[in-house]
Amino acid sequence: MTRANWSLVDVAAQLLECDERETVLGDLLEAGESAWQGLLDVLGLVIRRQATLWKSWRPWLSAFGLALPSSFLLMGFSLSVSQTYQQFTSPRVLNATGLTPGSGFWLLMCNVLLLSAWSWTSGFVVGVVSRRTLWVSAVFSFLPCVFFLARFRVESLSRFCLLLFLLPAIWGVSRGLRIARIKLSSAIVLAVGATGLMILTWGGRSPWISNSALIWPAWYMVATAWKLGREAAPR
Amino acid sequence: MILIMLGEFEYLLITAAAGLGEEAYGAAIREEIEATTGRKCSIGALYTTIDRLETKGLLRTWMGGATPQRGGRAKRMVRVTPKGVRAAKDFYDAVTRVSRGASWVANRTGSAS
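Residue numbers (the numbering used here), protein chains in the order written: chain A, 1 to 235; chain B, 1001 to 1113.
Mixed in with the good hints, there may be bad ones.
[Said to hold, decoys possible] Stretch by stretch, here's where chain A covers chain B in the computed footprint (C-beta under 8 Å, at least three residues):
#	stretch
1	1025-1032
2	1038-1049
3	1068-1077
[Unchecked claim] Distance windows between CB atoms, simulated:
#	chain 1	residue 1	chain 2	residue 2	range
4	A	A51	B	D1093	48 to 56 Å
5	B	W1062	A	V112	19 to 27 Å
6	B	A1102	A	R181	53 to 61 Å
7	A	R175	B	A1066	18 to 26 Å
8	A	L8	B	W1062	49 to 57 Å
9	A	M109	B	G1057	54 to 62 Å
10	B	D1093	A	A233	43 to 51 Å
11	B	G1057	A	L15	24 to 32 Å
12	A	W60	B	P1068	24 to 32 Å
13	B	T1037	A	A232	41 to 49 Å
[Stated by the list, open to error] Derived coverage of chain A by chain B (criterion: at least 3 residues anywhere in the stretch with Cβ under 8 Å from a Cβ of chain B; other residues may be distant):
#	stretch
14	77-89
15	217-223
In short, the hints are calculated from the structure, not lab data. If you're wondering where the values come from, they're calculated on a predicted model, not measured in any experiment. Beta carbons: idealized from backbone N, C-alpha and C, even for Gly.
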């Protein structure tokens, strides 16, 4: 039994929650098991714990209903925002389109705010809904990023403009993990604001299916805040 | 009253925990099960079953003290609740009843061969 082998057991045990990690590592020491057997035991428990989590609808919703489609759509919108910025800063394009700097700036701001709101709310809901399977949602979010980064062929733009959504999304995830719920009034302001921006930005030519896929996390936050508020209210 | 039907391993775990009394915790229960059944009991099966039984209200667990032989790590102490005792007794009664007349039960040898 070597120290290095036990380090492997310690690493595997990091996948368990704090109290359980303490208990299991203590049990292994007390039973005097070999590091190899200990590693199998810990991995067995980790697999059982993960399997139990996936009996719920939450990790499925988070990974396949939110992380995967949202990262696809938000990458597309990040690209659109970058192109709007490029047009706004190019006098040649401004002259050609007849846009004034003022209207171009307004459009750009709406796009940036909408991108931030969509990304933040998606990240927040992923953090709240599947905190213990977050790593799976993260993988499903990063897979499309890697795929499109490798195939990005727009010469006038950096490929990293695809990832503009990541910062607000990661911020949303960290807030979701930390605070778990948001006040109803804040949720309503956020959802109404994002919906308003969406209508303003896209107007009549709105791609409703993709926009609905990006706006529902904001309204989900409203629904859960309302539900939690009702449950907490004295009867 | 709703009858909670235990599984075989759940029954073993509750019985081992009840037998250990104040000294019932993860490693001790595991050792007891392995000693009495002669079968390997994995930590995964043990703790997921403990969680399930706790959710059903048949066990109560809490973090206990640490000992030097555990490298200063805490134990997860286990106590069988009255509901757990009832469920185990129901299981035992059911097994006893259904086993009456079986060839492997004492004093009834040879009829199945």
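* Contradicted hints - numbers only -> 4, 5, 7, 8, 12, 14 and 15
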